[in-house]
Amino acid sequence: MAPDAVSTTQHDHEHRDAVTTNTERLPGIELIELLTSIVGPDNVDIGDRISDDLCHDESLGAAPVRPGAAVRPVSTEEVAGVVRVAGSLGVPITARGSGTGLSGASIPVDGGIVVSFERMNRILEIDLANHVAVVEPGVTLADLDDELAPHQLVYPVFPGEQSASLGGNVATNAGGMRAVKYGVTRHHVLGLEVVLGTGEVIVSGGRFVKSTSGYDLTQLIVGSEGTLALVTKAILRLHPRPAHQATLLAPFATLDDVAKAVAPIVMSGVGPLVVEYLDVISMAGVTASAGFDLGIDQDLQARTLAYLVVVLEQHRVERLEQDAQDLAAQLSELGALDVFVLSDRAGAQLVEARERAFWAAKANGADEIVDVVVPRASIPEYLATVGRLSEESSSLAVGCGHAADGNVHLSVWQSDGPTRRELLHDIVAAGVALGGVVSGEHGIGTEKKAYLAEFEDPVKLDLYRRIKSIFDPVGILNPGTIFDLEPAESRTDHRQHRKGAGR
Amino acid sequence: MPIDPTLAFRLREVVGAQVLVDPELVASYTADWTGRFRGHTAAVVFPASTEEAAGVVQVCRESGVAIVPQGGNTGLVGGGVPLHGEVVLNMGRLGGSEPVDRAGGQVTAGAGVTLAGIQEVAAESGWSYGVDFSSRASATTGGSVATNAGGIRVLRYGDTRAQLLGVEAVLGTGAVISHLAGLVKDNTGYDLSGLICGSEGTLAVVTRVRLRLVPPAPERAAALIALRNLDAALGTAAVLRRSLPQLEACEIIFTPGIDLVCSVFGLRRPFLRPSPVNLLIEVADRVDPTDILIEAIGSAEHVIDTIVATDSPRRAELWRYREELTAAINTLGPPHKLDVTLPTTSLAGFIDAVPDVVSTIEPTASTWLFGHVGDGNIHVNVTGLRTDDDRVDGAVFELVARLGGSISAEHGIGSAKRRWLHLSRSAAEQTAFRALKRALDPDGILNPHVLIPDA
Ligand SMILES: Cc1cc2nc3c(=O)[nH]c(=O)nc-3n(C[C@H](O)[C@H](O)[C@H](O)COP(=O)(O)OP(=O)(O)OC[C@H]3O[C@@H](n4cnc5c(N)ncnc54)[C@H](O)[C@@H]3O)c2cc1C
Ligand SMILES: Cc1cc2nc3c(=O)[nH]c(=O)nc-3n(C[C@H](O)[C@H](O)[C@H](O)COP(=O)(O)OP(=O)(O)OC[C@H]3O[C@@H](n4cnc5c(N)ncnc54)[C@H](O)[C@@H]3O)c2cc1C
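Note that the protein sequences, when read in sequence, are chains P and B. With numbering that gives the first Met the number 0, the residue at position 143 of the first sequence is 142, and numbering never jumps. With numbering that gives the first Met the number 0, the residue at position 98 of the second sequence is 97, and numbering never jumps.
Chain P extracted, bound-state conformation:
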């Protein structure tokens, strides 16, 4: 594989680091009038009235882009109307939830329309008998959780950022720390109402947990990053909320030992809620930025190379205590240097701090975040390779991640653009060589599509394009996200153009 086949988008971004309003790209009067007639004048912004917040997501490498217009629909009918207008004029649409995405997928298209779901933020129903929540896409995870807690129910998908919207979660198939027990967003979406690129509304699924009656359009839309349809309603599966949690922290001398511990823990049947690893630098970073001390003595710290954090949950206290005891014994047998059963407060603090690892890295000036996933047994080998690669390029890559899913989150420090791109490419390639893929949970977006183009089977990419053209025949829904609408040729040009760059 040609090593210079690096992202074309990243290349473009260098010339586009300021948010500018390109006057030639100002939307036509006709478009504005049509949009206004659908959502009302208060809910259409153009030009400089568009908030800067709408021009970017949280990906570190992607440059912001100012859209031609931003609209805030309040109903499915309004969304459908906006899509029809955009379709008739051929203007691209980018759906936007909370903009916490990490792959550039909600960054607008130059001159396009941003459909912000901020006003479609109602929890329509908590159906206690069927254990189902029906929500509009703009509802945040935090809001939903607040609503569910009093009913002793939980929507169990907890990606690191609770301000993310459920529409965004569905579109990115968000994962997070609790996937080891509950799976990812995909496993909890029972049904959807969506607006296709034609403006047509489709409802799929329902308030039942299983159905096999035709193709699973719900699943096809989950994870499609706003490229197949706009989600206007979601039926989500809820679970009983276990009342008690325990957090265990185990320092290990090698990453190998950490990785080897994961399978036996999962197999033991204690049903861990969270199994995270943090290397020592990440641990130091997250605890320092959260302002607390684990209270582990210096000598032990010096011998530690990585930590494993395991959270357990149970409906009954006695059972939780038994599980925690058995797990502690097992961790010692598996080579943990020590095992700490944290107090409720310390446990919660640690998990919360781990969730904020991204912000800690960002505050410390990290240049890029990696979301590669490899088979979980390959984590040590993978991290060893990453360590070597970053050393060779005088960069720093440290991380933490979802140990049980093989999902590695690395923060990379390397300020030199070309060196960084080369390193990132090699880091991804190393993951793919071990049987992994470029994105475990953040999605491909615009930032990683060059990798997908490079490493994914062209037969599949071709199918993706055909599937997109079914749901979005005009190609207005988030075009250029996940893959370019047109394959190959233009990319070949870029490769030639880039030959030798940075080498």
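Bear in mind the hints are in silico, worked out from the structure with no lab data behind them. No incorrect hints appear here.
Just so you have them, the derived chain B footprint on chain P, three or more residues with Cβ under 8 Å:
#	stretch
1	183 to 191
2	404 to 411
3	436 to 450
4	456 to 469
Calculated Cβ distances over 10 Å to all of chain B for the following chain P residues:
#	residue
5	VAL38
6	ASP41
7	PRO63
8	LEU88
9	GLY98
10	SER162
11	GLU320
12	GLY334
13	ARG355
14	LYS361
15	THR384
16	GLY479
17	ASP483
For clarity, every value in this text was computed on a predicted model and none was experimentally measured. By construction, the Cβ of each residue, glycine as well, lies at the ideal position given by its N, Cα and C atoms.
Mind docking chain B with the ligands on chain P? Use the hints.
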């Protein structure tokens, strides 16, 4: 119908001698397990590898011949038999699984491996497979993926789709796509494996599957609970589901069904006092769950009687009342099998109404109800109907649709329910289905008479 010699020649070029054309030999591949669906074929082809399967698809495509993919032929909706003279592509020889990835808790298996085969391979490695149902000895992984099969453990582990980490499959074009890396988290592009899962052989021929395994839960206890009435049973099921994370199965069986099993298989009746409705539940854990089970049952209301079984032979005895029911019903003649799912809140109304719906149309027919009540899944079996009389089917499906349910919970649409797909899926959805079918199978050679109604 004799096979076109050129086609036979070309198929043999791909799979050697593994082409059956003798009418007597093909017979067992042309009728389904219930005997309700009987077709005919010129040839049954047995590929032994993905390449051979792709070769067969290519030959058929070039010859303009339709294919019915077939696994263990245990499907219950007439989706795996050649009702219109299609060539049968039997996947039984694509057996064999790779060694279990112990660290990852996953396995890659050929589409022809049986459910029992996967369960065994998993158990040998210390893991367990999350799906189980009583046709396990013949049903294949390929067939269970194609139908998104459910079974008795869905409550705890989800349906087949929830186990599926990826597939390798031959599209209708003959192209092979593969997604077998087995990554639990994988957000790279559209979920093709999830799309193929449940597509009943109409989008692609599944050749290999990557499945997640679950931790074994070696300590088990089962209970047969006799309850005073339906509401009590549904209420108890809901409470158990909420309070027992160890709950693995929660099945509902009505007493006429138990009586039938007893008389067909010569079993003893479980309870002295007759009860109208029974729940069969099983809990499984890493530590002995018996006490928790007994406590939970103790807190349920309207329980008439309970049998708790902890050791494996006694549990198996209890399970016979449920598992033999399908076979027992089949002794009464080919049943109409309607496998539907409802929102929990509509279950009681549905169960109450169904027998009347049936007897209004055909007073001499009998209705047998049982199912995976924990998932809202009820199997409505109707005996005493002609195989081609589908008035009852339609009436029951309409009731399901009115109550917000789905006309197929786990068996699929096949050819049996195709006419009623509109009750569960809108015109817009069906338009999308047709377009998806064209994208993956442009010439429409894969199971063309299944699932999607003729336009
Ligand atoms: C600190 C931090 C930690 C994070 N941790 C995790 C983690 O652990 N796991 C994880 O998976 N992610 C994580 N993320 C990433 C992010 O939170 C998720 O991707 C989230 O799902 C994005 O939701 P959003 O509402 O912010 O979506 P946005 O960023 O607004 O949009 C994301 C994508 O979804 C599309 N979209 C949004 N709404 C809709 C809709 N209604 N219909 C159709 N498409 C829509 C957009 O077009 C875009 O393609 C983290 C992010 C941060 C900042
Ligand atoms: C006694 C009994 C009990 C049952 N209990 C249950 C139950 O509890 N839950 C449940 O869900 N089902 C149940 N079933 C139904 C049946 O066993 C399942 O549907 C099973 O998954 C079918 O597998 P099979 O290999 O026999 O497939 P087949 O019957 O051969 O085929 C079924 C469908 O899948 C397609 N197909 C098969 N193999 C492939 C392949 N490799 N690629 C593409 N398409 C393919 C066929 O074309 C057909 O449309 C039961 C059946 C019986 C007889």
